[in-house]
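Chemist: Residues per chain are reported as follows:
Number of protein chains: 2
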Amino acid sequence: MANFKICYPDWKPEKLKLREALCTLGNGYFATRGAAEESKNDDYNYPGTYLAGGYNRAQSKISDRIIENEDLVNFPNWLYLNFRPEGGDWLNLAHCQVHEYEQNLDLRKGTLHRAFVVEDKQGRRSKIESRRFVSMRDMHNAALEWTLTPQNWSGTIEVASELDGTVINDGVKRYKDLESHHLAPVESKEVKEGGMLLVVETQQSKLVMAQAARTRIYEGGKRVNIKPEIQTLEMAIAQKFRLEVQEGHDVKIEKVIALYTSKDKAITEPSLEACDNIAMAGEFDELLYRHEQAWEKLWKNSDIALFNGDRTQQLLRLHIFHILQTASPNSIGLDVGIPSRGWHGEAYRGHVFWDELFITPFYNLRFPEITRSLLMYRFNRLDKAREAARKEGYKGAMFPWQSGSNGREESQTIHLNPDSGNWIPDNTHLQRHVNAAIAYNIWNYYISTEDQQFLSFHGAEMFLSIASFWASKASYNKKRERFEILQVVGPDEYHTSYPDSDEQGLKNNAYTNIMAAWVLQKALVVLDIIEKSTKQDLLERLEIDDKEIKHWEEVGKKMYVPFLEGNIISQFEGYGDLKEFPWEEYRKKYEDIQRLDRVLESEGDSPNKYKASKQADVLMLFYLFSTQQLKDIFNRLGYDFDENTLRQNVEYYRERTSHGSTLSRLVFSWILSRYDKQESWENFEALLISDFEDIQGGTTPEGIHLGAMAGSLDLIQRCFCGIEVSHEALWIKPMNLKQIDKIKFKIKFRGHWIVLSITKKVLRVSFEEGWSSSVAIGVIDRIYEFKKDEVKEFPLHQ
Amino acid sequence: MANFKICYPDWKPEKLKLREALCTLGNGYFATRGAAEESKNDDYNYPGTYLAGGYNRAQSKISDRIIENEDLVNFPNWLYLNFRPEGGDWLNLAHCQVHEYEQNLDLRKGTLHRAFVVEDKQGRRSKIESRRFVSMRDMHNAALEWTLTPQNWSGTIEVASELDGTVINDGVKRYKDLESHHLAPVESKEVKEGGMLLVVETQQSKLVMAQAARTRIYEGGKRVNIKPEIQTLEMAIAQKFRLEVQEGHDVKIEKVIALYTSKDKAITEPSLEACDNIAMAGEFDELLYRHEQAWEKLWKNSDIALFNGDRTQQLLRLHIFHILQTASPNSIGLDVGIPSRGWHGEAYRGHVFWDELFITPFYNLRFPEITRSLLMYRFNRLDKAREAARKEGYKGAMFPWQSGSNGREESQTIHLNPDSGNWIPDNTHLQRHVNAAIAYNIWNYYISTEDQQFLSFHGAEMFLSIASFWASKASYNKKRERFEILQVVGPDEYHTSYPDSDEQGLKNNAYTNIMAAWVLQKALVVLDIIEKSTKQDLLERLEIDDKEIKHWEEVGKKMYVPFLEGNIISQFEGYGDLKEFPWEEYRKKYEDIQRLDRVLESEGDSPNKYKASKQADVLMLFYLFSTQQLKDIFNRLGYDFDENTLRQNVEYYRERTSHGSTLSRLVFSWILSRYDKQESWENFEALLISDFEDIQGGTTPEGIHLGAMAGSLDLIQRCFCGIEVSHEALWIKPMNLKQIDKIKFKIKFRGHWIVLSITKKVLRVSFEEGWSSSVAIGVIDRIYEFKKDEVKEFPLHQ
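Chains as they are written, first to last, in my numbering: chain A, 174 to 971; chain B, 174 to 971.
You may find that some hints are simply not true.
Remember, identical chains collapse to one label, so a pair may be satisfied in a single copy or spanning two.
[As the list claims (entries may be wrong)] Straight-line Cα separation of at most 27 angstroms, DSSO-like style, residue types lysine-lysine; simulated pairs: (1) 919 to 705; (2) 933 to 965; (3) 705 to 470; (4) 708 to 961; (5) 568 to 723; (6) 473 to 917; (7) 695 to 723; (8) 470 to 708; (9) 919 to 708; (10) 708 to 965; (11) 804 to 695.
For the record, the hints were derived by calculation from the structure and aren't laboratory data. It should be emphasised that the depicted structure is a prediction, and the values quoted were computed from it without experimental measurement.
The task is simple: from the sequences and hints, build the whole structure.
Modeler: Have a look at this one:
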């Protein structure tokens, strides 16, 4: 367990114990290349092996591994350093005594520190202090520095610096039958300026990754030139330095590495660039300074300062830290999406699901260019989505539930239950709702930025193609005089088919139907706002005629929504016929029933039979839309929606949810904030500790839960502070939460930075940093015009 | 020579004879990959070999080449088809009789047609009609269709369809000593659905290119399934089909190919994608329909209709055609720049110079997203430009004159004079003015689009880095009390050093100094318009403090400009001391003195000694800025600038220019339009035929002159129609040119499409296609507010 130290001016210096998995370092570029690249024969090429942390096993063939202790596993292969006193063993924490072990993650500076004293069999004690980072400024670089002090001995030591390509992916136990070796050798050699180079290639996707490393040694502050002995293997290379050390005197060893891949922009070829890079790169301290400066600027625009005297603040910052490590300004233009577990671990093998839905609200209001780049990732795969739609007999574009490298569907059709050891059929690829999520993201990016150019060149084409898909997916039920969407699965993965039915999927999942209706309603708005010329071109190209648009209008108005009693929306058609689940019985029987699906399957039963949800997907609607927006959607559909709808639905579904997804807490916290603030806060706290406490009992080491992390930030900004972007203004409608004394953060709205400070009594809006034009900001129920440099205060809750 | 046929409703059906080089097909993606990728040992990897035309030599090892005739050379390797009657020779136009040869390039549809009758030694006559295109819609595809009719014989024939990787680059004679082989074999094999695959890799840059081809044969409209014989070599693969043909009966052979490279987005790996693509791709006609539709939409937004009853219209459209083939919506995000000869030929080996300066004005007002992508190409190479500045002791970023793949300087330090056979020292890399051109492009993109997001995330960083470079490059001359820029070369490449001086470059090139001053003046404006937060971050990151900004202001005010007499600007300091050139003598002595540098060097002389310019670079200023803008720049510098300045400078330099660059005509036409419309028009006509007539006597086959082509369009829009974009409005100030009856075109301004129609009497502005907001348009001297759907007419020249 690491401590994580934070030392920002108004950051509390309190230390929290942190799991190893959360000490992973990244910069938005490292580890993104080649992810989600799988061939059809399960040759998983996810190079999570290149993370600067995580649980990947390095199996050094040259010098023993330093790490056997599970707690200390996140020494990545390319920052591998080791030493041994002459005649002794290579340092191995599992086989020597370790004293005074301390590990700190500095969130503010993006660095990981370790300090420990080891004692070998001969009783020689050595202190090692290490600092490492993956540069946020120089995206191809990472660096490690060791300060080694012999405490009770002098003599000759050997230092090994290695690049190791033999790493494998075995961080997720249930994938043990899948291929774990993903790298093939290309080249390993010594290069100019005392560097070394290792080039490997992913097995299936043929992505070439070149790593070069430069190791320098300093004694008494002066660099000592030691010619290393080189050892090369096909998949590894090491330099070994021999030097004299003296009791009580420091030796500093610094290793700087550069990573380039064949997909990088602005390169000639990766190994040449990697070698040039380490020949030119500054010393550790110079690189560190630039890295820290880059983080300082990121924090300035990303921090959410929350003055409430407990660890909430620190966990929020931990979340911001990991989100920025996953997608940062370094990610722009890389053609990468957002995998559901970030780049931190191997779970889901780097596939891209719907998680942008949770993370883009954070970026839209700070780094919209990152959202634009994430949307371009989808745009680049639009042809594949068209192909998928065509193959299933639909129009438009159907994006896959689990998107692989080229945008194909990578969802499994069977999956392993680790509780029972059974492989069971998997219908989860029928989660067509991912298409509504993408449309929702396009719209929200546009409305936050008014980036007309993006909309007319890329966004509208995607939006209309998705609308076209939904319209063709919907079928008319004459008896009901309503449109229906059949054979789908909603976000709640406990319900994927009807009990004892061979049919795949479910009928009329309410979440899916309403989202599809929203897409079709909004598509008409998109058509209305883009220029005529683009509109005509698009409609012709996408083969959408007036008749089809009329059809969209029709489907958008007459989509069927199933109800149970009163205003309680039925999760899907037939949900009411399912059995009530004996929650009490199972809570007694099992310690943890969050993953009820696995529990039931082990018993030969299935959650499909019960009114029991992993997450209540009906409630997602109340998270995505404001009450007013939902009223409008429902009214257009000709259904009632009154003040009680929300509460009735929450009450109904909260009793029937196992919270098997970390997202479930997010949704409940959001909705409950409107009428049960205490319980809302409790859910928010549960959400905050999802990864910190690894509440799912073991999923965090497989990778962080990015949606939940981002959701916790979105809860602060959109829910607790009531930020809502509409065509005419940015709205701010803060809630009064007794747990928060003050919140302060900056957001970017249509090119303008706005600083918000909210206490229990006053909302302070300062428009000090905008472009010269003015901006409309709505507070509670009125719109105000802000001019540059203007600051206004509004009394709250009086 | 091909005819080029154009058949747009208001396009004249007149046919013009067209050089082969101008029949090259492209789509903005094809041929862009791997360009400008050279190692330091002259292993030129410019895969111009993959152009769908051009003069690259295919050397088929499998079946004889069809082409030996220089006029017919543009059969690209991957669209290679051939046939032979049983027992006969493979068709080879050099060794058989050719009757009725006709070739048409259809600009509107982007297709190339050929029809000819060949007669072999046995007297067998066969008619071949071919159609080919490189798809503008499906960017990875190209296709070729042959209709083969035996006219006086029946029997068995063999058809060969080949993918040939043995192509070399030998299209430019003076490069004969450079490496011409750039491809290494990876794989060649038969693949699913009757396809074949050839994978090659560039020698130095290791770019993998996978090509798959599918060949189908139809008789009497029905597909016939013939199992081909396969022949594979290391670098080539062919399928041979045997079939019976009958006198007078057509056989159709269609070949569809797909190209993918290892740098492509949204792929798993290139060969898998290429094979999947041809297995899924539609028939020739389907692909063609999509391709034609894409061109129709491009033309709708790009055409400049000019009603003046001569070939001017056709040549303008030829230029639009080639510009759109070089950079199209398919280019967006590819990380490619604009090489000075497009992708059409091998001259300059794909290096990127300053040509965006001429092409972005066209894109800014139609497809700004393409400009954005071109600017991102520079942004991605900003670190390399920083490194270059640092190495020379400057601050900021110094972009190279000839930019290679990773942004390094690729200018030669010696070059070959083909007239004398001598290798002569080359100082042209001192053309630092490319840095002003990039800044100018950023500003003009911003002012046309108001894309604040681009400016704050990317544009401002580049702009300020360039400003920082100029400020550090400028040195203070105490005697003059002015700043100077030393050791540079201006756009006029005839002057690269002082006669009999060992010093590299020139002092105070007026164009460079004034552009640098403009950059520094405008940098202060950029700092003023971006948000405070971004400004602070940038200044800190780029290490620019208040003192430096004060210095920019100072340098921007006190830059030295050399003058000759009165208001005549001296091209550089000391220009006045050079000898007058005996123009008359040389015009008598040599037929063509456009490339005076080569002529003089052959005589042991040098243009450095004379007042003789390839292009008069002082005059570039009058092209880039309006008179008012120049007045402002000069006034801020404390120099006079009056109404006569322009005329005096033009008169002085026109007598001293050889027009050795096609850009020279552009600049003269532009400037003369202000007071000598007849001569302006003559220069415009000379510009229009630069490539059409190959006026430089042989450079067109080495690649088109993209800057000149784009310049001819810019002359119409910015010069003749007086379009000028300012902060407050889009200005339109049309000239009255007797040669033009009517001009009609569309432009996009800040997201709004505006249709302009200009006759001798009336300017009609129609704002039918904009977003819902209104737009300010200035006509002549007043600004009008246009609301959506508004149309206004203004009387002209009365």
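Chemist: Give a verdict on every hint.
Modeler: Going down the list of hints, with the structure as the test:
no.: 1; hint: 919 to 705; in the structure: between (36 angstroms within a copy, 13 angstroms between copies)
no.: 2; hint: 933 to 965; in the structure: within (16 angstroms within a copy, 55 angstroms between copies)
no.: 3; hint: 705 to 470; in the structure: between (41 angstroms within a copy, 13 angstroms between copies)
no.: 4; hint: 708 to 961; in the structure: between (35 angstroms within a copy, 15 angstroms between copies)
no.: 5; hint: 568 to 723; in the structure: within (15 angstroms within a copy, 60 angstroms between copies)
no.: 6; hint: 473 to 917; in the structure: within (11 angstroms within a copy, 50 angstroms between copies)
no.: 7; hint: 695 to 723; in the structure: within (13 angstroms within a copy, 50 angstroms between copies)
no.: 8; hint: 470 to 708; in the structure: between (40 angstroms within a copy, 11 angstroms between copies)
no.: 9; hint: 919 to 708; in the structure: between (36 angstroms within a copy, 15 angstroms between copies)
no.: 10; hint: 708 to 965; in the structure: between (41 angstroms within a copy, 23 angstroms between copies)
no.: 11; hint: 804 to 695; in the structure: within (15 angstroms within a copy, 50 angstroms between copies)
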